[in-house]
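Number of protein chains: 4
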Amino acid sequence: MTFEMKQKVLFKHCDPAGIVFFPRYFEMMNDCVEAFFSDVLEWPFESFVGREGVPTASIETNFVAPSLHGDHLLIALVVERVGKTSFSYRMTAHCGEQKRFETRARLVFVNDRGRPQPWPDAIKAKLERQLEPAA
Amino acid sequence: MTFEMKQKVLFKHCDPAGIVFFPRYFEMMNDCVEAFFSDVLEWPFESFVGREGVPTASIETNFVAPSLHGDHLLIALVVERVGKTSFSYRMTAHCGEQKRFETRARLVFVNDRGRPQPWPDAIKAKLERQLEPAA
Amino acid sequence: MTFEMKQKVLFKHCDPAGIVFFPRYFEMMNDCVEAFFSDVLEWPFESFVGREGVPTASIETNFVAPSLHGDHLLIALVVERVGKTSFSYRMTAHCGEQKRFETRARLVFVNDRGRPQPWPDAIKAKLERQLEPAA
Amino acid sequence: MTFEMKQKVLFKHCDPAGIVFFPRYFEMMNDCVEAFFSDVLEWPFESFVGREGVPTASIETNFVAPSLHGDHLLIALVVERVGKTSFSYRMTAHCGEQKRFETRARLVFVNDRGRPQPWPDAIKAKLERQLEPAA
Numbered sequence: 009m010t011f012e013m014k015q016k017v018l019f020k021h022c023d024p025a026g027i028v029f030f031p032r033y034f035e036m037m038n039d040c041v042e043a044f045f046s047d048v049l050e051w052p053f054e055s056f057v058g059r060e061g062v063p064t065a066s067i068e069t070n071f072v073a074p075s076l077h078g079d080h081l082l083i084a085l086v087v088e089r090v091g092k093t094s095f096s097y098r099m100t101a102h103c104g105e106q107k108r109f110e111t112r113a114r115l116v117f118v119n120d121r122g123r124p125q126p127w128p129d130a131i132k133a134k135l136e137r138q139l140e141p142a143a
Numbered sequence: 009m010t011f012e013m014k015q016k017v018l019f020k021h022c023d024p025a026g027i028v029f030f031p032r033y034f035e036m037m038n039d040c041v042e043a044f045f046s047d048v049l050e051w052p053f054e055s056f057v058g059r060e061g062v063p064t065a066s067i068e069t070n071f072v073a074p075s076l077h078g079d080h081l082l083i084a085l086v087v088e089r090v091g092k093t094s095f096s097y098r099m100t101a102h103c104g105e106q107k108r109f110e111t112r113a114r115l116v117f118v119n120d121r122g123r124p125q126p127w128p129d130a131i132k133a134k135l136e137r138q139l140e141p142a143a
Numbered sequence: 009m010t011f012e013m014k015q016k017v018l019f020k021h022c023d024p025a026g027i028v029f030f031p032r033y034f035e036m037m038n039d040c041v042e043a044f045f046s047d048v049l050e051w052p053f054e055s056f057v058g059r060e061g062v063p064t065a066s067i068e069t070n071f072v073a074p075s076l077h078g079d080h081l082l083i084a085l086v087v088e089r090v091g092k093t094s095f096s097y098r099m100t101a102h103c104g105e106q107k108r109f110e111t112r113a114r115l116v117f118v119n120d121r122g123r124p125q126p127w128p129d130a131i132k133a134k135l136e137r138q139l140e141p142a143a
Numbered sequence: 009m010t011f012e013m014k015q016k017v018l019f020k021h022c023d024p025a026g027i028v029f030f031p032r033y034f035e036m037m038n039d040c041v042e043a044f045f046s047d048v049l050e051w052p053f054e055s056f057v058g059r060e061g062v063p064t065a066s067i068e069t070n071f072v073a074p075s076l077h078g079d080h081l082l083i084a085l086v087v088e089r090v091g092k093t094s095f096s097y098r099m100t101a102h103c104g105e106q107k108r109f110e111t112r113a114r115l116v117f118v119n120d121r122g123r124p125q126p127w128p129d130a131i132k133a134k135l136e137r138q139l140e141p142a143a
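Residue numbers (the numbering used here), protein chains in the order written: chain D, 9 to 143; chain S, 9 to 143; chain X, 9 to 143; chain L, 9 to 143.
Just so you know, the hints here were simulated from the structure itself, not pulled from any lab data.
The structure displayed is predicted, hence computed values, not measured ones.
Please note that a few of the clues may not be correct.
In silico lysine-lysine, BS3-like type, Cα no more than 25 Å apart, as pairs [said to hold, decoys possible]:
1. L:K16 / S:K134
2. D:K16 / X:K92
3. L:K20 / D:K14
4. L:K107 / S:K14
5. L:K20 / D:K20
6. L:K20 / L:K107
7. S:K20 / L:K20
8. D:K14 / X:K20
9. X:K14 / D:K20
10. S:K16 / L:K92
11. D:K16 / L:K14
12. D:K107 / X:K14
13. L:K14 / S:K20
14. L:K20 / S:K16
15. S:K14 / X:K20
16. X:K20 / D:K16
17. D:K14 / X:K14
18. L:K14 / D:K20
19. S:K134 / D:K20
20. S:K20 / L:K16
Just chain D, with the same shape it has in the complex:
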């Protein structure tokens, strides 16, 4: 299953060349993951306590084409792999038919001391339900 979030490219995202400054894309990616936790897992980030959270352990991104101020992006997240203490997702952004970026990343669930800890069972079950069916 695919989780989607719309994002208009705003003034604050753009650099002197008039295109999205790439660190702002990573804020959009984080916003999409945050919305996925809130809307799909029903486990919003704001319910984490102290240092508990889901920091990004690794991320790789291809910026396929630049995005201009005013572009309407559709950002799509797909869960690719669910581990005991982590999960991996693939994310793309399109403006109409044109791909703007593609990302793969891995998040780790950490406890209040920043150490990896197993997903709660209910969350793991929800994550696994998101896995794409094999082709």
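For this one, chain D is given, so just place chains S, X and L on it according to the hints.
Just chains S, X and L, lined up with the frame of chain D:
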């Protein structure tokens, strides 16, 4: 050769878990590349005209360990490959002996219409002088 | 008349104390002004050319109470004064009944050389229609 | 006495009009206050615990002239008033002789529940030593 930049982890970089929010790391990486262009290539970003620039085409990062507010990071950039219209770098950040992230990225030199264009000869020569000697 | 924008407080807005980092509020304010130009004036920021734009000339803000991660803010903009080349607005943010900030600011319409220029007649007319009726 | 911080205008600070996006100025102001606490008060922000901190209660800024990418700013902070639980500062930024912004702001020292609390005596004494001598 290695280009180094110091960066203290500031309040603005940190999230509710008290560690660097990962999109802020990408701002630090961009600052390091900007300083490399200014100090090593003597071709500061502010001399680009219009849409001319060096957008990041791809980047992959491992966040090896979290950074805390107040940590003193040493960010190091090494040129890995120089192409006709692009170059690739490796970047690491350490706090003391501990690695915090490692990145590989590729930048493309684009003209005022956002199209790849060959490096100026003098810049290409400087970039090639930065290449690590083969072991 | 009042223009309203909803904004959930997200992870990216918050600091190590778990509350909105105040420069992020100014990004929200800018987003609200950008939405006002797009939705009310039907003159989106992305239609500006080159250095043409509406930079903020002055702004004063009281942060009445802190906002927490997950709070749902309602941001409200009211046009207070329309000049030949500028306009002034008042903006507030509330979470439920509680006020979080109040701002007064003045924007100036500048041309491609960054110099103040008169509003287009149609825009000035729209801005004036937004003025609050005298009590 | 005046506390000074240098800040080059970087790519990340600038908007599609090629000038500093005003919320980025507020990040610079916060950086300057953070450096003042670290260097002058010898009480770095990273030593605050939990929600303890010095949030900005009010701030007003005039953006006198735009700053361009590559400009070298000198940001200057002067303590204007020291209260029991707060202090007020004036801050300016110049590029050479030209003023870019002037700010007045008030910070409040809050405890771990976000409530105002009196400055530690040693800090209050240091703040008072910073007060400008009456003319």
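Checking against the hints above, which ones are violated? 2, 4, 10, 11, 12, 19
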